[in-house]
Structure formats: structure tokens, C-alpha cells
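S.K.: Below, each chain spelled out in residue letters.
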Amino acid sequence: ETGVTQSPTHLIKTRGQQVTLRCSSQSGHNTVSWYQQALGQGPQFIFQYYREEENGRGNFPPRFSGLQFPNYSSELNVNALELDDSALYLCASSLDDRASFTEAFFGQGTRLTVV
Amino acid sequence: RKEVEQDPGPFNVPEGATVAFNCTYSNSASQSFFWYRQDCRKEPKLLMSVYSSGNEDGRFTAQLNRASQYISLLIRDSKLSDSATYLCVVNSGGSYIPTFGRGTSLIVHP
Chain A
1 ETGVTQSPTH LIKTRGQQVT LRCSSQSGHN TVSWYQQALG QGPQFIFQYY
51 REEENGRGNF PPRFSGLQFP NYSSELNVNA LELDDSALYL CASSLDDRAS
101 FTEAFFGQGT RLTVV
Chain B
1 RKEVEQDPGP FNVPEGATVA FNCTYSNSAS QSFFWYRQDC RKEPKLLMSV
51 YSSGNEDGRF TAQLNRASQY ISLLIRDSKL SDSATYLCVV NSGGSYIPTF
101 GRGTSLIVHP
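Read top to bottom, the protein sequences are chains A and B.
Reading the first sequence from the start, the letters are residues 1 to 115 in the numbering used here.
Reading the second sequence from the start, the letters are residues 1 to 110 in the numbering used here.
To be clear, the hints were calculated from the coordinates, so they are not data collected in a lab.
Treat the hints with care, since some could be wrong.
In silico lysine to any residue, SDA-like type, Cα no more than 20 Å apart, as pairs [said to hold, decoys possible]:
(1) K45/B with R111/A
(2) K42/B with R22/A
(3) K2/B with R22/A
(4) K45/B with A87/A
(5) K2/B with N55/A
(6) K42/B with D96/A
(7) K45/B with S24/A
(8) K2/B with Q44/A
(9) K2/B with R111/A
(10) K79/B with R59/B
(11) K2/B with Q69/B
(12) K45/B with E103/A
(13) K42/B with Q108/A
(14) K45/B with D96/A
(15) K2/B with T113/A
(16) K2/B with G40/A
(17) K79/B with Q44/A
Heads up, incomplete: computed chain A residues facing chain B, CB under 10 Å, no partners named [to be verified]:
(18) Y35
(19) F69
(20) P70
(21) N71
Chain B regions said to be covered by chain A (calculated; three or more residues, Cβ under 8 Å) [as the list claims (entries may be wrong)]:
(22) 44–57
(23) 99–109
Bear in mind the structure is a predicted one, so any value in this text is a computation, not a measurement.
Quick reminder that beta carbons are idealized off the backbone N, C-alpha and C, glycines included.
With the hints as extra help, turn the sequences into a complete structure.
M.R.: Written as C-alpha cells, this is what we have:
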């Protein structure tokens, strides 16, 4: 176990709805990154949060937003859900923003299905 | 052309076989290369980094060919437990953002 927990593990939403996914980072880690992994694809970087500030963003529209709390846990919010948002959403925590991503620990993910 | 390309497979091999996967990348400025393993419905886990001189970890050998812009992973003496998806990851210098390939599926059968 990595110590990174995500909730919920599975979720079904309707197109147009909004969803919030949560990630509790490993103790002592202040950096959280979020990834989207569609079926049959590799993870795609969404964004990273370091000390409660967005610290890098991939090629995702503004309806994907995030938040990091003082205890370094994080949320991923997706508005106006589309069918193509159906995917496994992974978060990864690392010690700080200078750490190599290979030193990040992944959670087991939230599987989101949009119908 | 995608930044990182992998043959999705599946590669279906018997136990004990040797199997190799390649991964090509388009950004010649890429500096860091890795192989991750992902089991079905699980999170990715780092398998090994890929160094310019090549590196070996037990039955696994990784190599980098900068001239042709590809990395490879060789698995010798395949075990049933090697069945998984192998993700190639490339990181460009100065950027935190890693780029994952779509993965190559390996199925090792008895």
C-alpha cells in the first residue's frame, strides 16, 4: 500500500453533471498530481498542486479544476461532464514539486463512468 | 504523430519465453525515460528507469537509442506474474509533465 487513498473508488454520473473526486496524500507529501486514464490508454497529466497552488497543467479544458487543502489532500472537480470523461482518475503524491515524478506514489484511482 | 508510441499488443507468450517491447518518442529533447507496470484495474508502478548506457534488473533489461528515438524493454524467462500492461514514460528536460505511452499488454500463459 502506498498510503495514498482516493475516494470514491467507483462513480456513475450523468452527462452534464458535476463530480468531485478526492485524494488523501501520503503523510509528509505536499505535492499532488492528477491523471486521467481512458480505457486502453496511458495516464494523461491533468495538473499538479504544490502547497495549495496549481503548479503545472496538462492539455485539459477549464472545466477540470482542482483544489489542495492545508493538510495537502486534494480534490479534482469536473463540470459539465461529457461521455468522454469516463476514465480512471489517478492521483499521485510526492514529497515536493522538485521530486521526480518517479518518486510519486499513486493511489488506486477512481473509476468514473458518465452515461 | 503521438509524442510516445507503443504497440498495444497483446503479446501472448509462453512461460520461459523472452519478449521485447519498443517505445518510440518524438521529442528529441526528451531526457528521462522509464518503464512502468500496470496490473489490471490497478495503479501504475515504476518498473525501472532507462539510462543511456542501458541497465538491467534481474530478468529485465532496458535500453535507450537516442539516434532512433526509442527505448526498449526485454523480459527474459517470462513468468505468469509478468502478465500486465507495460507503460513507457518520457519526460522532457525542465518539465515536470511526464508523457505516458498507451501501454503494451503482455499475457504470459502456461
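S.K.: Checking against the hints above, which ones are violated?
M.R.: 3, 5, 6, 9, 15, 17, 19, 20, 21
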